[in-house]
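Undergrad: With chain A's structure known, arrange chain B on it following the hints.
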Amino acid sequence: MAEQADYVTLVSSDGYSYVVQRSAACISPAIRRMLDPANGFLESKTGVIRFDNFHAILLETIVKYMYYNEKNKDARDIADMDFPDSLCLELVWAADYLDI
Amino acid sequence: MPAPSLRSLAIRSCIRHLPDITSVGEIPYSVLRPVLRRIENPSHLRTIEVSSPHVADADEELWKAFIARDIPGWEKKLAELGTPRNARSWWKVYRRLVREEKEAREKQEERLREAMSGLTKQREDANVSFVGKVVPMKEKGRAFVDGVRNPKANGWGGVVKPSVKRGRDVVAALRNQSRQAVREREYNLGQKRTFTTVPPPGTKGKVQAAPEWMVQELKKPALAKPVPAAGEGVRREKIAVPRVFTASKGHSRVDAALSKAEGQSNAEKEARLRALTQAKSRVPVLAAAPLSPPIMSGQDRKAEELNEPEQLPGVGRLGIEPTGERRPSHAPTTATQAMRKRAAPAASPFMPAKRKRG
Numbered sequence: 001m002a003e004q005a006d007y008v009t010l011v012s013s014d015g016y017s018y019v020v021q022r023s024a025a026c027i028s029p030a031i032r033r034m035l036d037p038a039n040g041f042l043e044s045k046t047g048v049i050r051f052d053n054f055h056a057i058l059l060e061t062i063v064k065y066m067y068y069n070e071k072n073k074d075a076r077d078i079a080d081m082d083f084p085d086s087l088c089l090e091l092v093w094a095a096d097y098l099d100i
Numbered sequence: 001m002p003a004p005s006l007r008s009l010a011i012r013s014c015i016r017h018l019p020d021i022t023s024v025g026e027i028p029y030s031v032l033r034p035v036l037r038r039i040e041n042p043s044h045l046r047t048i049e050v051s052s053p054h055v056a057d058a059d060e061e062l063w064k065a066f067i068a069r070d071i072p073g074w075e076k077k078l079a080e081l082g083t084p085r086n087a088r089s090w091w092k093v094y095r096r097l098v099r100e101e102k103e104a105r106e107k108q109e110e111r112l113r114e115a116m117s118g119l120t121k122q123r124e125d126a127n128v129s130f131v132g133k134v135v136p137m138k139e140k141g142r143a144f145v146d147g148v149r150n151p152k153a154n155g156w157g158g159v160v161k162p163s164v165k166r167g168r169d170v171v172a173a174l175r176n177q178s179r180q181a182v183r184e185r186e187y188n189l190g191q192k193r194t195f196t197t198v199p200p201p202g203t204k205g206k207v208q209a210a211p212e213w214m215v216q217e218l219k220k221p222a223l224a225k226p227v228p229a230a231g232e233g234v235r236r237e238k239i240a241v242p243r244v245f246t247a248s249k250g251h252s253r254v255d256a257a258l259s260k261a262e263g264q265s266n267a268e269k270e271a272r273l274r275a276l277t278q279a280k281s282r283v284p285v286l287a288a289a290p291l292s293p294p295i296m297s298g299q300d301r302k303a304e305e306l307n308e309p310e311q312l313p314g315v316g317r318l319g320i321e322p323t324g325e326r327r328p329s330h331a332p333t334t335a336t337q338a339m340r341k342r343a344a345p346a347a348s349p350f351m352p353a354k355r356k357r358g
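Protein sequence lines, in the order shown, are assigned to chains A and B.
With UniProt numbering, letter number 85 in the first sequence gets 85, and the count goes up by one each step, no holes.
With UniProt numbering, letter number 63 in the second sequence gets 63, and the count goes up by one each step, no holes.
Because the hints were derived from the structure by calculation, they are not lab data.
Only a predicted model underlies this, so the values are computations on that prediction, with no experimental measurement involved.
Note that the Cβ used here is the ideal one computed from N, Cα and C, for glycine as well.
Honestly, I wouldn't trust all of these hints.
Said to hold, decoys possible - Here are the in silico distance ranges between beta carbons for each label pair:
1. Pro34/B / Asp6/A: 33 to 41 Å
2. Thr9/A / Ile15/B: 54 to 62 Å
3. Asn41/B / Asp36/A: 43 to 51 Å
4. Asn86/B / Asp14/A: 36 to 44 Å
5. Gln108/B / Ile57/A: 34 to 42 Å
6. Arg50/A / Arg105/B: 55 to 63 Å
What the hints assert, rightly or not - Which residues of chain A face chain B? A partial, calculated answer using Cβ under 7 Å:
7. Val63
8. Tyr67
9. Tyr68
10. Asn69
11. Asn72
12. Lys73
13. Asp80
14. Asp82
15. Cys88
16. Val92
17. Trp93
18. Ala95
19. Asp96
20. Ile100
Extracted from the complex, chain A is given alone in its bound form:
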């Protein structure tokens, strides 16, 4: 089995790439499935996932959240993460899509 790289790349619809830790990205079950070699997705081989429905700022916020979540896994009563208000609707939709 090929050694799983530590980092994966998430690419937004407008071409921006975000390199994130695999563990952080796999908070999302959807991404985890995509990166699972057993499912036979191309992404699992390349380690690059392209999101055509997320634009850069949205993807950036998602990545931010991934780290926020991982960092505070064992913490209690932490402050909510901040993000631009204009994203709130899209974020609902993205969160539902990624199931995070």
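TA: Same frame as chain A, but now just chain B:
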């Protein structure tokens, strides 16, 4: 507790900014449901529906919630209307029900207004208002014009003097006038007429100040049982027992005389009382029954007994002696000497003569 889900964070943020949301793009209703449920204004929901029609397909529950909130008796009305043919037109159902409700309410208000105006009209009619002139009345001419009696001014159609030419006629006319004036004056006083002023609105039924008679009562030094003076045996006409205190003041000569007599008797009583209270220190026991009520007629006695609350507590109503009997006091003090002695009971064949003890 680990970090909140991105979804919950986003939904909370959406709810915070709900007023600014006018469109939801392509986001499915199921995803946005927690946010849309928080909409308070039906027209807001309609705006979102217009911009994102797929929302209208699924938001039946939202419109039903609005109907339940805004329309009383909605269950029955909804049952009557049934579900709309087009699932997207639930907003029309809401609009229709609201319109009907508004019409019904307006009709009710109109009916109520009519009823109220009828009532207010009745009340207005019953109200007494001052008017300047309603019916042209004959102008009552001045009785005197420039010091001379005005023959045209009709008093009661009474005295109509012929035009005075001679001196003695003038005198006679003047004498007649004065007689008229006296008669008029007496006419008013003979009647017990009381005129009450119209109270200002809102004060009717409210007590503004203590009635005068009450104030007078409190000012008067409380007397013991009053001895009926000369005038009191005579009952004033129509004043039955218990006394009714009205605002009217009787000014008739009879009333004047009676009040004068009463005043005199009050003065007497006060003097007596003063003497008693000063002499009280020498009297060991209240055996010297002060102001023992002398023999009275049966009716008067009832009246006097009703006056009892006026007495001083100290000078009680013969607190020492039993009610029925009245023994003549044997302690001759200066106080009692001022009192009238009770007349000795007349000898009667049925009663043995009283024997003095000792």
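Undergrad: All hints, please: hold or fail.
TA: To see whether the hints hold, each was checked on the structure:
Range check, Pro34/B to Asp6/A: Cβ separation about 37 Å, and the 33 to 41 Å hint holds. Against the hinted window of 54 to 62 Å, the Cβ-Cβ separation of Thr9/A and Ile15/B comes to about 34 Å, which falls outside the hint. Range check, Asn41/B to Asp36/A: Cβ separation about 46 Å, and the 43 to 51 Å hint holds. About 39 Å separates the C-beta atoms of Asn86/B and Asp14/A, a value consistent with the hinted range of 36 to 44 Å.
Between Gln108/B and Ile57/A the Cβ separation comes to about 56 Å, which falls outside the hinted range of 34 to 42 Å. Between Arg50/A and Arg105/B the CB atoms are about 60 Å apart, so this pair conforms to the stated range of 55 to 63 Å. A cut of 7 Å between beta carbons decides the hint on Val63/A: the least distance to chain B is about 11 Å, and the hint is violated. Among the interface hints, the one on Tyr67/A is violated; its C-beta lies about 10 Å from the nearest C-beta in chain B, farther than the 7 Å criterion.
A cut of 7 Å between beta carbons decides the hint on Tyr68/A: the least distance to chain B is about 6 Å, and the hint holds. Residue-level restraint check for Asn69/A holds (minimum Cβ-Cβ distance to chain B is 5 Å; threshold 7 Å). The beta carbon of Asn72/A comes within 4 Å of a beta carbon in chain B, closer than 7 Å, and the hint placing it at the interface holds. At its closest, the beta carbon of Lys73/A sits 5 Å from a beta carbon of chain B; the interface hint therefore holds under the 7 Å criterion.
Annotation: Asp80/A was flagged as interfacial toward chain B, and the flag holds, the nearest CB pair being 6 Å apart, inside 7 Å. Because the beta carbon of Asp82/A sits about 10 Å from the nearest beta carbon in chain B, more than 7 Å, this interface hint is broken. At a threshold of 7 Å, the smallest CB-CB gap from Cys88/A to chain B is about 4 Å, leaving the interface hint in force. With a cut of 7 Å, the hint placing Val92/A at the interface with chain B holds, because the nearest CB-to-CB distance is about 4 Å.
With a least beta-carbon distance of about 5 Å to chain B, the hint placing Trp93/A at the interface is held under the 7 Å criterion. Satisfaction of the interface hint for Ala95/A is found here, the shortest Cβ-Cβ separation to chain B being roughly 4 Å, below the 7 Å cut-off. Annotation: interface hint on Asp96/A holds; nearest CB of chain B at approximately 5 Å, less than 7 Å. Look at Ile100/A: its Cβ gets to within about 5 Å of chain B, closer than 7 Å, so that hint holds up.
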